[in-house]
Amino acid sequence: MKAVTTWCALVALALTATWTGVASADPPSPPSQRAPRKGPVPDYGGRPSEPKPARDVVLWVPRVILSPLYLVSEYVIRAPILAVLPAAEHAELPRKVYDFFTFGSQHQAGIVPVGYFEFDANPSVGVYGFWHDAFAKGNDWSLHTEVWPSDWYAMSMKESAQLDDRTSVLVHVSGVHRPDRVFFGIGPRTLQSSKSRFTEAVTEEGVMLDWKYLPRSHLQLTAGLRSESLGPGRFGEDPNIQQEAATGAFAVPYGYEGRYTVQYNRVLASLDTRKPWPAPGSGVLVEAKAEQDSDVTASPKAGWIHYGAKASAFLDLDEHQHVVSLSGATMFVDPLGDSPIPFTDLVALGGDAPMRGYLPRRMLDRSSVVVALHYVWPIAPWLGGTMEAALGNVFGQHLQGFQPDLLRYSGDIGITTVGVGEFPIEAVVGCGSETFAQGGQIDSVRATLSVAHGF
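Using this note's numbering, you'd call the opening residue of the sequence shown number 68 and step up by one each time.
In short, the hints are calculated from the structure, not lab data.
Be aware that one or more of the hints could be misleading.
[To be verified] Straight-line distance between alpha carbons at most 25 Å, and here's what the computed PhoX-like set of lysine-lysine pairs gives:
1) K262 - K279
2) K204 - K225
3) K279 - K204
4) K342 - K356
5) K342 - K279
[Said to hold, decoys possible] Restraint-style ranges between C-beta atoms, simulated for each label pair:
6) V192 - L288: 31 to 39 Å
7) V194 - A318: 35 to 43 Å
8) P343 - P216: 39 to 47 Å
9) G171 - Q508: 52 to 60 Å
10) V334 - L258: 50 to 58 Å
11) P180 - T234: 44 to 52 Å
12) H174 - P343: 17 to 25 Å
13) D305 - I372: 31 to 39 Å
Where a beta carbon is used, it is the ideal one built from N, C-alpha and C, also for glycine.
Using the sequences and the hints, build the whole thing.
Set out below in structure tokens:
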């Protein structure tokens with residue numbers, strides 16, 4: 068949970084920059100007090116130019132593509148943070164904020180404010196409470212809740228027990244109710260102009276067994292129940308799904324204005340050859356996932372299976388966490404029987420999933436493919452920059468209908484906490500395009516600011 072308190076510290080730094088920065092800055096020495104230069108000035112006229120660092124050469128293309136966002140990251144966000152950090156550390160603000168929100172001799176418990184803001188969606192505020200080693204060593208509890216007056220509320224309770232150095236069991240219960248979910252239609256050619264809203268209410272109970280067989284490699288087995296209720300939504304002047312469908316933009320999707328409960332079984336396996344942070348970040352990550360969902364409320368019984376994989380290669384350009392990576396991912400969902408799949412359980416791109424330049428579930432269908440070039444770099448203690456350019460889209464069954472000109476572009480850039488917590492605390496700005504067949508113009512803009520976002 069250090070990530071949350073670290074974020075609070077950084078916010079405090081920004082708020083106190085105007086008075087601490089001036090008070091702690093040392094004035095420059097007058098010219099008369101400066102040490103005189105000794106010896107002749109060297110002649111640099113014939114000196115060959117220094118070769119460009121490898122990271123500057125590799126990152127030239129994505130920096131050009133994302134140059135407006137990169138400039139904002141460097142000069143609007145990074146520069147002020149670097150300006151106030153020395154003054155804040157001198158005033159011991161990070162330690163004072165950390166001590167204020169945490170309790171116990173080892174800071175093993177705490178209550179911290181959290182929140183989430185997303186452009187074109189309802190924000191939220193809440194609290195996160197945690198207690199490490201509750202009643203027994205290796206037994207951790209947490210409670211996370213967020214609300215907003217527009218009928219948007221969420222809560223998550225977790226208990227994790229460490230069985231040994233590599234194995235743990237996690238039990239969780241959660242519920243989310245949001246009236247501002249978005250739906251644009253199903254398939255690769257959906258339009259930004261078809262945006263509509265629906266309400267989603269989800270409750271979930273599950274248990275997960277996590278085996279860490281290498282420092283950053285996991286085998287996770289999860290089983291649980293998930294119940295969903297879907298209906299008309301609202302946000303601003305946007306229509307709900309039924310109203311937008313009446314214009315002919317798309318058909319009303321299966322599952323709308325319905326309820327269902329699924330029993331799910333999930334397996335996630337990952338092989339990560341990278342060493343734990345802050346060691347150099349070069350390596351390979353391979354992930355495979357499969358999930359079977361059985362609709363226990365349907366008659367006759369219905370169900371579907373999700374499965375997919377992702378492979379990523381990472382190169383630390385200077386062995387100091389300037390890491391560029393290239394990844395490819397694909398995901399599928401197939402019905403188990405004759406019943407259709409509810410639209411909220413289709414393969415989705417956007418939001419916290421791949422293609423972050425789009426709103427959550429901007430693209431929906433039976434399969435997806437994404438290729439992404441990603442770059443992360445250190446900005447300040449506990450903070451890193453992140454930049455990504457991706458190509459991808461959703462398609463029909465087993466990538467049916469795939470065409471290169473139906474791909475979309477997504478780009479994003481942001482700042483995130485590094486190596487200090489379970490959830491990334493981050494600010495991200497991104498954009499997404501129409502398909503290249505439709506002209507490839509940028510038609511989606513997404514901006515988020517999250518503090519321990521978990522919903």
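Each hint tested on the structure:
1. K262 - K279: violated, 42 Å
2. K204 - K225: Distance of about 16 Å is within 25 Å: holds.
3. K279 - K204: Given that 25 Å is the threshold and the Cα spacing comes to 18 Å, the pair holds.
4. K342 - K356: Distance of about 22 Å is within 25 Å: holds.
5. K342 - K279: Measuring from Cα to Cα gives roughly 14 Å; hence the hint holds.
6. V192 - L288: 31 to 39 Å: holds, 35 Å
7. V194 - A318: 35 to 43 Å: holds, 41 Å
8. P343 - P216: 39 to 47 Å: holds, 42 Å
9. G171 - Q508: 52 to 60 Å: holds, 54 Å
10. V334 - L258: 50 to 58 Å: Roughly 36 Å apart at Cβ, these two residues miss the hinted range, so it is violated.
11. P180 - T234: 44 to 52 Å: violated, 33 Å
12. H174 - P343: 17 to 25 Å: holds, 21 Å
13. D305 - I372: 31 to 39 Å: For D305 and I372 the Cβ distance comes to about 33 Å; the hint holds.
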